[in-house]
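> Below, each chain spelled out in residue letters.
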Amino acid sequence: MFKITTEVITGAEVREAVAAPDAGAVVLFFGTVRNNTDGRPTKYLEYEAYPPMAEKKMEEIAEEISEKWGIHRVAMIHRVGRLEIGEVSVAVAVASPHRKDGFEACQYAMNRLKQIVPIWKREVWADGEAEWVKPDAVFFENLPERT
Amino acid sequence: MKVTVKYFAVCHEMLDRSEEEMQLPEGATVQTILKRLEEEWPEIAEFYEVMQMSVNWEYATENTELTEGDEVALIPPVTGGNNV
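Residue numbers (this note's numbering), protein chains in the order written: chain A, 495 to 641; chain B, 32 to 115.
Misleading hints may appear alongside valid ones.
As the list claims (entries may be wrong) - Sample of chain B residues at the chain A side, in silico, Cβ under 7 Å:
{"no.": "1", "residue": "F78"}
{"no.": "2", "residue": "S85"}
{"no.": "3", "residue": "W88"}
{"no.": "4", "residue": "A104"}
Just so you know, these hints were derived from the structure itself, not from any lab.
Yeah, the Cβ is synthetic: ideal placement off N, Cα and C, and Gly gets one too.
All chains, please: the whole structure from these sequences, using the hints.
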């Protein structure tokens with residue numbers, strides 16, 4: 495399952511999406527809305543995505559994981575729209591025969607998601623200002639070469 | 032030829048629209064679109080250094096050639112936070 499949604503994300507749906515009889519581990523990751531950034535209070539976040547491309551890129555990440563670890567059970571969901579403090583913005587589930595590979599693959603999935611999946615975050619501060627969050631360093635290190 | 036151009040996040044905000052159809056000459060590339068946008072809004076060029084483009088849901092370069100019906104998007108840096 496690879497999807498962009500406006501609905502509340504639940505742990506059950508991502509876990510069920512990767513359930514498999516040969517799995518000995520399911521690693522779940524949730525990204526949640528933090529109440530501050532570097533100490534500055536956040537009121538809420540707004541996420542925007544390019545859904546068809548985002549879902550395509552999520553599938554590509556799953557293919558990369560399949561090649562690297564031989565893990566074929568990966569699910570990724572990202573929510574868009576207004577999210578309140580504490581809500582789940584993104585979930586990744588990885589089912590694997592053994593936990594070590596599952597943890598690694600889950601970490602990899604989130605790192606890649608931030609690099610190549612077109613999703614943007616707008617931070618609305620408690621003081622009323624708002625801004626599109628600046629890119630993190632990972633992005634600049636992984637820009638594709640321009641020809 | 033006619034293509035659809037989509038704008039997200041900061042680009043959407045700056046250009047004050049989320050998508051539009053553009054009539055382009057034959058042989059046009061992504062660069063043709065970038066130049067046209069720069070004429071309307073010169074400051075957008077500052078973002079070109081860090082911005083990516085896509086054509087039909089795949090990352091592209093300025094030199095990617097366009098064909099009738101293509102869906103082009105300006106992709107400002109994607110974000111999700113540094114330490115999530």
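> Quick check on B:W88 please, does its C-beta sit within 7 Å of some C-beta on chain A?
Since the shortest Cβ distance to chain A is 4 Å, the answer is holds.
> Quick one, is the B:A104 hint okay against chain A at 7 Å, beta carbons?
holds, 6 Å
> The hint names B:F78 as touching chain A; please verify it with the least Cβ-Cβ distance against 7 Å.
violated, 11 Å
> The hint names B:S85 as touching chain A; please verify it with the least Cβ-Cβ distance against 7 Å.
Hint holds; B:S85 Cβ to chain A Cβ min 6 Å, cut 7 Å.
The structure is inconsistent with hint 1 alone, although it conforms to all the rest.
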